[in-house]
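Novice: If you want the building blocks of each chain, they are given just below.
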Amino acid sequence: DVKVTQSSRYLVKRTGEKVFLECVQDMDHENMFWYRQDPGLGLRLIYFSYDVKMKEKGDIPEGYSVSREKKERFSLILESASTNQTSMYLCASRGVGAGPPNSPLHFGNGTRLTVT
Amino acid sequence: DQQVKQNSPSLSVQEGRISILNCDYTNSMFDYFLWYKKYPAEGPTFLISISSIKDKNEDGRFTVFLNKSAKHLSLHIVPSQPGDSAVYFCAASPSNDYKLSFGAGTTVTVRA
Chain A
1 DVKVTQSSRY LVKRTGEKVF LECVQDMDHE NMFWYRQDPG LGLRLIYFSY
51 DVKMKEKGDI PEGYSVSREK KERFSLILES ASTNQTSMYL CASRGVGAGP
101 PNSPLHFGNG TRLTVT
Chain B
1 DQQVKQNSPS LSVQEGRISI LNCDYTNSMF DYFLWYKKYP AEGPTFLISI
51 SSIKDKNEDG RFTVFLNKSA KHLSLHIVPS QPGDSAVYFC AASPSNDYKL
101 SFGAGTTVTV RA
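As you go down the protein sequences, you meet chains A and B in turn. The numbering of the first sequence is the numbering used here, which starts it at 1 and goes up by one. The numbering of the second sequence is the numbering used here, which starts it at 1 and goes up by one.
Treat the hints as calculated values from the structure; they're not laboratory data. Any given hint could be a false lead.
[Said to hold, decoys possible] In silico lysine to aspartate or glutamate, DMTMM-like type, Cα no more than 25 angstroms apart, as pairs:
| # | chain 1 | residue 1 | chain 2 | residue 2 |
| --- | --- | --- | --- | --- |
| 1 | B | Lys37 | A | Glu69 |
| 2 | B | Lys37 | A | Glu79 |
| 3 | A | Lys13 | A | Asp51 |
| 4 | B | Lys99 | A | Glu30 |
| 5 | B | Lys99 | B | Glu15 |
| 6 | B | Lys71 | A | Glu62 |
| 7 | B | Lys99 | A | Glu17 |
| 8 | A | Lys53 | B | Asp97 |
| 9 | B | Lys71 | A | Asp59 |
| 10 | A | Lys3 | B | Glu42 |
| 11 | A | Lys3 | B | Asp59 |
| 12 | A | Lys55 | B | Asp97 |
| 13 | B | Lys99 | A | Glu62 |
| 14 | B | Lys5 | A | Glu62 |
| 15 | B | Lys5 | A | Asp38 |
| 16 | A | Lys57 | B | Asp1 |
| 17 | A | Lys57 | B | Glu15 |
| 18 | A | Lys71 | B | Asp1 |
| 19 | A | Lys13 | A | Glu30 |
| 20 | A | Lys70 | B | Asp24 |
| 21 | A | Lys55 | B | Asp1 |
| 22 | B | Lys54 | B | Asp24 |
| 23 | B | Lys5 | A | Glu22 |
| 24 | B | Lys37 | A | Glu22 |
| 25 | A | Lys13 | B | Asp1 |
| 26 | B | Lys5 | A | Asp51 |
| 27 | B | Lys71 | B | Glu42 |
| 28 | A | Lys71 | A | Asp28 |
| 29 | A | Lys71 | B | Asp97 |
| 30 | B | Lys37 | A | Asp38 |
| 31 | A | Lys57 | B | Asp97 |
| 32 | B | Lys37 | A | Glu30 |
[Said to hold, decoys possible] Only part of the chain A face toward chain B is listed, based on derived beta-carbon distances under 10 angstroms:
| # | residue |
| --- | --- |
| 33 | Pro39 |
| 34 | Gly40 |
| 35 | Leu43 |
| 36 | Phe48 |
| 37 | Val52 |
| 38 | Pro61 |
| 39 | Glu62 |
| 40 | Ser65 |
Note that the structure is a prediction, hence the values are computed from the model and not measured. Glycine is no exception: its CB is placed at the ideal position from the N, C-alpha and C atoms.
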């Protein structure tokens, strides 16, 4: 069974801090994604990576960057945390196989980030 | 602007009855649709999908219906069980695109 692990369940950071959110998957998946979930807005794509060292902006990339140095790990970086980045952050992965590009994603359990 | 809309934030249903969740989309390029289920403190898990070449897909108690002309899909859960209490997200994309657009979610509560 696919396991996507996010390193922290809860984080509290101060405005202006640099924040790293880590995600590891154990199924050798090529594609990895970072979403944020906010009430009334659903899940919005921040960044995705279709392979190692490859990345592409999602719908709301402002204030974020990502790093994918190894296939199993995808990091989300908040360069200078702000209060409007308080949210639930969800990492997901997907293998590139016989299915369509949008075959189901496997999600981690999320990191609840609070910026004060 | 959200391209996938779930206009009902919540739904309460008696155990054993049918739950009907609705989803509307605006992008005519969308041709692949998925439903995800999310429990508190867990990530979303895939539930069921449908491509635009079909108008219905069934998996056990879960059936998804697609009306392309109305840009509308619905998820039916029959019969509803207490374990179905969760947030349900509708998602859509063009079939050749990595990116999924999600709705805001509908919270389903199944009453015993």
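Novice: Would you mind marking each hint as holding or not holding in the structure?
Specialist: We went through each hint and held it up to the structure:
1. The hinted pair formed by lysine 37 of chain B and glutamate 69 of chain A fails the criterion: a straight-line CA distance of about 31 angstroms is larger than 25 angstroms.
2. Taking the CA atoms of lysine 37 of chain B and glutamate 79 of chain A, the gap is near 31 angstroms; set against the 25 angstroms cutoff, the hint is violated.
3. For the given pair, lysine 13 of chain A sits about 30 angstroms from aspartate 51 of chain A by alpha-carbon distance, which is inconsistent with the 25 angstroms threshold.
4. Of the supplied pair hints, the one linking lysine 99 of chain B and glutamate 30 of chain A holds, its CA atoms being roughly 14 angstroms apart against a limit of 25 angstroms.
5. Between the alpha carbons of lysine 99 of chain B and glutamate 15 of chain B the distance comes to roughly 35 angstroms, so the proposed pair goes past 25 angstroms and is violated.
6. A C-alpha spacing of about 30 angstroms is found between lysine 71 of chain B and glutamate 62 of chain A, which places the hinted pair above 25 angstroms, so the restraint is violated.
7. Between the alpha carbons of lysine 99 of chain B and glutamate 17 of chain A the distance comes to roughly 29 angstroms, so the proposed pair goes past 25 angstroms and is violated.
8. Only pairs whose Cα atoms come within 25 angstroms are accepted, and lysine 53 of chain A paired with aspartate 97 of chain B is accepted, the gap being roughly 19 angstroms.
9. Between lysine 71 of chain B and aspartate 59 of chain A the CA atoms are separated by roughly 22 angstroms; this keeps the pair inside 25 angstroms, and the hint holds.
10. With a CA separation close to 12 angstroms, the supplied pair lysine 3 of chain A and glutamate 42 of chain B stays within the 25 angstroms bound.
11. Of the pairs offered as hints, the one joining lysine 3 of chain A and aspartate 59 of chain B holds, with about 24 angstroms between alpha carbons and a cut-off of 25 angstroms not exceeded.
12. For the hint pairing lysine 55 of chain A with aspartate 97 of chain B, the CA-to-CA distance comes to about 15 angstroms; that is within 25 angstroms, so the pair holds.
13. Between lysine 99 of chain B and glutamate 62 of chain A, the direct Cα distance comes to roughly 17 angstroms. Compliance with the 25 angstroms bound is thereby established for this hinted pair.
14. A threshold of 25 angstroms between alpha carbons decides the hint, and for lysine 5 of chain B with glutamate 62 of chain A the separation of about 23 angstroms falls inside it, so the pair holds.
15. A hinted pair counts as satisfied when its Cα atoms are at most 25 angstroms apart, and lysine 5 of chain B with aspartate 38 of chain A qualifies at roughly 14 angstroms.
16. A C-alpha spacing of about 17 angstroms is found between lysine 57 of chain A and aspartate 1 of chain B, which places the hinted pair at or below 25 angstroms, so the restraint holds.
17. For the hint linking lysine 57 of chain A to glutamate 15 of chain B, the alpha-carbon distance of about 43 angstroms lies beyond 25 angstroms, and the restraint is violated.
18. With a C-alpha separation of about 33 angstroms, the suggested pairing of lysine 71 of chain A with aspartate 1 of chain B is violated against the 25 angstroms cut-off.
19. Taking the CA atoms of lysine 13 of chain A and glutamate 30 of chain A, the gap is near 31 angstroms; set against the 25 angstroms cutoff, the hint is violated.
20. Simply put, lysine 70 of chain A and aspartate 24 of chain B have alpha-carbon atoms about 38 angstroms apart, too far for the 25 angstroms limit, and the pair is violated.
21. Between lysine 55 of chain A and aspartate 1 of chain B the alpha-carbon distance is near 24 angstroms, which keeps this suggested pair within the 25 angstroms criterion.
22. A threshold of 25 angstroms between alpha carbons decides the hint, and for lysine 54 of chain B with aspartate 24 of chain B the separation of about 17 angstroms falls inside it, so the pair holds.
23. Straight-line distance between C-alpha atoms of lysine 5 of chain B and glutamate 22 of chain A comes to about 30 angstroms, which puts the hinted pair past the 25 angstroms bound.
24. Taken as a hint, the lysine 37 of chain B and glutamate 22 of chain A pair is honoured in the structure, with Cα atoms around 23 angstroms apart against an allowance of 25 angstroms.
25. A C-alpha spacing of about 30 angstroms is found between lysine 13 of chain A and aspartate 1 of chain B, which places the hinted pair above 25 angstroms, so the restraint is violated.
26. Using a Cα cut-off of 25 angstroms, the hinted pair lysine 5 of chain B and aspartate 51 of chain A is violated, with the two alpha carbons roughly 30 angstroms apart.
27. Taken as a hint, the lysine 71 of chain B and glutamate 42 of chain B pair is broken in the structure, with Cα atoms around 30 angstroms apart against an allowance of 25 angstroms.
28. A C-alpha spacing of about 7 angstroms is found between lysine 71 of chain A and aspartate 28 of chain A, which places the hinted pair at or below 25 angstroms, so the restraint holds.
29. Proximity of lysine 71 of chain A to aspartate 97 of chain B is assessed by CA-CA distance (about 21 angstroms); at most 25 angstroms being required, the pair is judged to hold.
30. Between lysine 37 of chain B and aspartate 38 of chain A the alpha-carbon distance is near 16 angstroms, which keeps this suggested pair within the 25 angstroms criterion.
31. Simply put, lysine 57 of chain A and aspartate 97 of chain B have alpha-carbon atoms about 13 angstroms apart, close enough for the 25 angstroms limit, and the pair holds.
32. Taking the CA atoms of lysine 37 of chain B and glutamate 30 of chain A, the gap is near 24 angstroms; set against the 25 angstroms cutoff, the hint holds.
33. Proximity of proline 39 of chain A to chain B holds as hinted, the smallest CB-CB distance being about 8 angstroms (cut-off 10 angstroms).
34. A distance limit of 10 angstroms between C-beta atoms decides the matter here; for glycine 40 of chain A the minimum to chain B is near 5 angstroms, and the interface restraint holds.
35. Hint status for leucine 43 of chain A: holds, given a least beta-carbon distance of 4 angstroms to chain B, under 10 angstroms.
36. About 6 angstroms separates the beta-carbon of phenylalanine 48 of chain A from the nearest beta-carbon of chain B, less than 10 angstroms, and the hint is met.
37. With a least beta-carbon distance of about 16 angstroms to chain B, the hint placing valine 52 of chain A at the interface is violated under the 10 angstroms criterion.
38. Proximity of proline 61 of chain A to chain B is violated relative to the hint, the smallest CB-CB distance being about 12 angstroms (cut-off 10 angstroms).
39. Because the closest C-beta pair between glutamate 62 of chain A and chain B is about 17 angstroms apart, greater than 10 angstroms, the hint is violated.
40. For serine 65 of chain A, the shortest C-beta to C-beta distance to chain B is roughly 18 angstroms, which exceeds 10 angstroms, and the interface hint is violated.
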